[in-house]
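J.: Here the protein sequences come in this chain order: A and P.
Each residue of the first sequence is one higher than the one before, starting from 1 at the first, in the working numbering.
Each residue of the second sequence is one higher than the one before, starting from 1001 at the first, in the working numbering.
Take the hints with a grain of salt, since some may be wrong.
Here are the simulated SDA-like cross-link-like pairs (lysine to any residue), alpha carbons at most 25 Å apart as the crow flies [what the hints assert, rightly or not]:
#: 1; chain 1: P; residue 1: 1197; chain 2: A; residue 2: 185
#: 2; chain 1: A; residue 1: 188; chain 2: A; residue 2: 219
#: 3; chain 1: A; residue 1: 28; chain 2: A; residue 2: 74
#: 4; chain 1: P; residue 1: 1234; chain 2: A; residue 2: 188
#: 5; chain 1: P; residue 1: 1121; chain 2: A; residue 2: 188
Don't read these hints as lab results, they were simulated from the structure.
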Amino acid sequence: MVVAERKPIEEILAMVADYRKILLVGCKGCVTVCCAGGTKEVGILASALRIARKKEGKPLEVVEHTLERQCDPEYIEQLAPMLEGDGIEAVVSMACSVGPQYIAKRYVIPVYPALNTTFIGGSLEHGVWAEYCQACGNCIIHHFGGLCPISRCSKSLMNGPCGGSANGKCEVSPEIDCVWHLIYDRMKELGQLDKLRQVFPARDWSTSRDGGPRKIVREDLKL
Amino acid sequence: MKAGSNLEKVLTSGHFALTGELGPPRGANVEVIRKKAAFLRDKVDSINVTDNQTSVVRMSSLAVCKLLVDMGLEPNLQMVCRDRNRIAMQSDLLGAYALGIRNVLCLSGDHNKFGDHPQSKNVFDLDSMQLLAMVKKLRDEGRMLSGQECDGVPKFFIGAAANPFGDPFEFRVTRLAKKIDSGVDFVQTQCIYNMDKFRTYMKMAHEEGLTEKCFILAGITPLKSVGMARYMAKFVPGLEVPDYYIERLKGVEKNKQAEEGIKIAVEQIQEVREMPGVAGVHLMAIEWEERVPEIVEAAGLLPRPSVN
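Produce the entire structure from the sequences given, and follow the hints as far as they go.
T.: Right, dumping it as structure tokens:
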């Protein structure tokens, strides 16, 4: 899933400093799963903003709403009644950055992101998430025992660990596992160490971000 | 001859090679280069010029290599994958050749997190293996990675680094084999202090026939003090400094530790010279270029061979 975390309250307060009434929109998708932008978080942020602004003597009216998803125009459309003639001056989105961009595309109103979209990852334990994918557009993890060196090696190396790998940890930090060490152990376990002997040539990054904004067209799904 | 560099000639004619290292200044001061280079003149066969080592911005390796060429010295251009994509790297390689540079050392590079611009966006378009394969393709096929033919073919003697002490240890020889498959001509190792482990590594490489396929130069870095030894042991990832060196340096007076460090380096050079498959030494006297002459002299490696 897309993992995000909320921006510091000071940053959000600065964004809405000039407004008296805003719409705070959450998302029931990924950011609900990673506890960054669901209904609960909308409630918490709305209260925090109200209290902070009350203290400043500049009360802020916050209308709370959470959509099924913000990455789909169908759901974004549901905001129309709220944004038409209700005195709302700006929208703050608690979705990954697709949400505020979709809202901005549909409505002529200032839109602000309340979250920092961080990575594609998974949950390691309650309250801990880690990056597992960089969405490079051409998955190669089957060559590496199911582990991704592109997203999980600090240098995205494809041919083995760099000289900085020590005691199973990355040179960047002792907090980071060297994914190449994990790959080696896994391939050894699988009896496939010989597969790591091959040289992986220079990668075609055109499927990744470097090919410009990516698009998928599924003719079979088009109406 | 693949490139005809002095280093290549020394190695292929069977001499025990000796390379040095020069760290460019953090600024535009050419005098630093002249001063450091003077210590290395006639003492080494080729001088590695580091490429923004430890991710700290320094004068460009390419520019410093050209300065060395102008001084009549032979440079070894270090190139890291951290800062440039394949377009910039190939462009620099073609330029380097045009400027008379004949040796290239292909490296991944330290992560930018360690340097003076940790906020920078790193690149790592290629890894070191892919970089050296690209240099080989330029040289042997006269083609760029894209397949485009070169108008003028850059003939480089291609180097790579190897760290026998990184983990997992068993994979290190495999990685060396992969570098050989990718086209490496010579390899310079990380600083060696743990002689036993290096001996094991060399034995494994030798048994796999790898020492027949490329020249391996053992990396030696003289320790200036017990403080430096402790720092290297603790903070340099993938580097092992055994306790007995720390104890040995601790055992001498502070003002004599540098001499002791040099003695250790000389002993190490003699030790690696005895190991089958070691074709030379890469002497990395980090910010200590002025002590290179006495180390080389004491190790009995002077005068340097002259090969035509």
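J.: If a hint holds in the structure, say so; if it doesn't, say that too.
T.: Consistency of the hints with the structure:
Proposed proximity of residue 1197 (chain P) and residue 185 (chain A) is supported: the alpha carbons are some 21 Å apart, at most 25 Å. At roughly 42 Å between alpha-carbon atoms, residue 188 (chain A) and residue 219 (chain A) are farther apart than 25 Å, so this suggested pair is violated. A threshold of 25 Å between alpha carbons decides the hint, and for residue 28 (chain A) with residue 74 (chain A) the separation of about 14 Å falls inside it, so the pair holds. Restraint check for residue 1234 (chain P) and residue 188 (chain A): the C-alpha separation of about 29 Å exceeds 25 Å, so the hint is violated.
Between residue 1121 (chain P) and residue 188 (chain A) the CA atoms are separated by roughly 34 Å; this puts the pair beyond 25 Å, and the hint is violated.
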